[in-house]
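J.: Here is how the chains run, residue by residue.
2 protein chains.
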Amino acid sequence: MSGTLALVGVGPGDPELLTLKAARILGEAGVVAFPQTETGATLALEIARAHVNPAAALLPVAIPMALERGPARAAYDAAAAALLAHLEAGRDVAFLCEGDPLLYGSAMYLLPRLAPRAAVLVVPGVTSLTAAAAAIVRPLAARNETLKILPAPLPDAALRAELAAAPAVAIIKVGRHFDRIRALLEESGHAPAAVVVEHATTAHQRITPLREAPAGARPYFSTILCYSGAEGWGRGENAA
Amino acid sequence: MSGTLALVGVGPGDPELLTLKAARILGEAGVVAFPQTETGATLALEIARAHVNPAAALLPVAIPMALERGPARAAYDAAAAALLAHLEAGRDVAFLCEGDPLLYGSAMYLLPRLAPRAAVLVVPGVTSLTAAAAAIVRPLAARNETLKILPAPLPDAALRAELAAAPAVAIIKVGRHFDRIRALLEESGHAPAAVVVEHATTAHQRITPLREAPAGARPYFSTILCYSGAEGWGRGENAA
Numbered sequence: 017m018s019g020t021l022a023l024v025g026v027g028p029g030d031p032e033l034l035t036l037k038a039a040r041i042l043g044e045a046g047v048v049a050f051p052q053t054e055t056g057a058t059l060a061l062e063i064a065r066a067h068v069n070p071a072a073a074l075l076p077v078a079i080p081m082a083l084e085r086g087p088a089r090a091a092y093d094a095a096a097a098a099l100l101a102h103l104e105a106g107r108d109v110a111f112l113c114e115g116d117p118l119l120y121g122s123a124m125y126l127l128p129r130l131a132p133r134a135a136v137l138v139v140p141g142v143t144s145l146t147a148a149a150a151a152i153v154r155p156l157a158a159r160n161e162t163l164k165i166l167p168a169p170l171p172d173a174a175l176r177a178e179l180a181a182a183p184a185v186a187i188i189k190v191g192r193h194f195d196r197i198r199a200l201l202e203e204s205g206h207a208p209a210a211v212v213v214e215h216a217t218t219a220h221q222r223i224t225p226l227r228e229a230p231a232g233a234r235p236y237f238s239t240i241l242c243y244s245g246a247e248g249w250g251r252g253e254n255a256a
Numbered sequence: 017m018s019g020t021l022a023l024v025g026v027g028p029g030d031p032e033l034l035t036l037k038a039a040r041i042l043g044e045a046g047v048v049a050f051p052q053t054e055t056g057a058t059l060a061l062e063i064a065r066a067h068v069n070p071a072a073a074l075l076p077v078a079i080p081m082a083l084e085r086g087p088a089r090a091a092y093d094a095a096a097a098a099l100l101a102h103l104e105a106g107r108d109v110a111f112l113c114e115g116d117p118l119l120y121g122s123a124m125y126l127l128p129r130l131a132p133r134a135a136v137l138v139v140p141g142v143t144s145l146t147a148a149a150a151a152i153v154r155p156l157a158a159r160n161e162t163l164k165i166l167p168a169p170l171p172d173a174a175l176r177a178e179l180a181a182a183p184a185v186a187i188i189k190v191g192r193h194f195d196r197i198r199a200l201l202e203e204s205g206h207a208p209a210a211v212v213v214e215h216a217t218t219a220h221q222r223i224t225p226l227r228e229a230p231a232g233a234r235p236y237f238s239t240i241l242c243y244s245g246a247e248g249w250g251r252g253e254n255a256a
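Chain order of the listed sequences is X and Z. Count along the first sequence from 1, add 16, and you get the number used in the working numbering. Count along the second sequence from 1, add 16, and you get the number used in the working numbering.
Think of the hints as simulated: they come from the structure by calculation, not from any bench. A portion of the hints provided could be inaccurate.
[Said to hold, decoys possible] Computed list of lysine to any residue pairs in SDA-like fashion (alpha-carbon distance at most 25 Å, straight line):
1. K189/X with A181/Z
2. K189/X with N160/Z
3. K189/X with G19/Z
4. K189/Z with G56/Z
5. K189/Z with R159/X
6. K189/X with G56/Z
7. K189/X with A182/Z
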């Protein structure tokens, strides 16, 4: 009998934003795997640590920040092999995912490699998008508005096309693209109502109206929320 | 001293998908308010009931399904007044929200009415979108793809424009618009990979490939996920 792989969303940063289901599964899992960046950071583990079974084997998994090409592909192959060894030995494995596992998460690259060979369970988590909206107490989208989630690394032409006439937009993965994105949001008319939210719900949370933010790179985990749809919004409410 | 209004996301349906923070706040709140539809349904309360302080005053709030116009506006005014009476008497009020409070939630209409007059705290919740993706173990969006969330009541022309060349699309509020939406997804090429998820994470959850679904209305809480972006997906993985 193979073990089950649980992809567990641990939410945006505040450990209290884990779900009860995530906390239960982490208390039961014999093996807890978690992404480790090239600089050694293990954010998902830090978020969830209080709920991990003290007797669990901890398995750091090198996950490249780059897109799945060449070296990244080899890293995912290696990660899948390490997890599969535990699963084939009959051990249940919980793999921790920042935010939600299936919304731009790197854990999803493990799925085509492992889903054909093991039972997979996904535990959805609170995303950084809704956490950022909560931090500024402003809707992401309302009524029958289209909501567009745009990764900042997209080329200018693609972003311009999507920004045209879009009342509800969230820009993710801002990082080193900040200055370019701000210029595009000025062009599209979103800038006056836009707010930059860094590290939502963590001790490092920072909220800055777009036009007041200094030039230069932002953290990778930054989101720019642009919402000016429903009446009475877009006035820069304070954080809760 | 006025009380604090907490808008608390209770997640998509499975009571175990409440966050630890939501459970704590509901255990402490003296007044727990919750939406009640015209037919008497109180879904958010059913989801959260196990965590509500047994000594709390329960306050059903009539929330119209219609958009905020005319009678709906009057209903939100009345709801805000009922909550404000408690807040001004110094009582903390938790208002339960299905999914997340700020992603197409009706609680957001209370904000312009109450935020100027009381402290507001928003507790983000797991959305039905990530819950639906978890149910079919398939990404919502990956890499640098744009994700579009499209309300089904939008007119055909608006939906056609957004569906063109969009690899990652989620259609929400499907309800009585199902047949029309299916025709549009056939036209745009999304139909072969699209999956209908009804009542994700609840006992009534139902997963149907779009082309196998019978004609006619779906429940309001249905989502159609169309994802065919990353390699190895769009093959109809089984539910966890």
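J.: For each hint, tell me whether it holds in the structure or not.
T.: Results for each hint:
Restraint check for K189/X and A181/Z: the C-alpha separation of about 22 Å stays at or below 25 Å, so the hint holds. About 9 Å separates the Cα atoms of K189/X and N160/Z, which keeps this hinted pair within 25 Å; it holds. For a cut-off of 25 Å, the pair hint linking K189/X to G19/Z is broken: about 37 Å separates their Cα positions. Distance hint between K189/Z and G56/Z is fulfilled; the C-alpha atoms sit about 20 Å from each other, no more than 25 Å.
With a C-alpha separation of about 10 Å, the suggested pairing of K189/Z with R159/X holds against the 25 Å cut-off. Distance restraint check for K189/X and G56/Z: the Cα-Cα separation of roughly 42 Å exceeds the 25 Å cut-off, and the hinted pair is therefore not satisfied. Between the alpha carbons of K189/X and A182/Z the distance comes to roughly 19 Å, so the proposed pair stays at or under 25 Å and holds.
In terms of the numbered hints stated before, the structure departs from hints 3 and 6, listed from lowest to highest.
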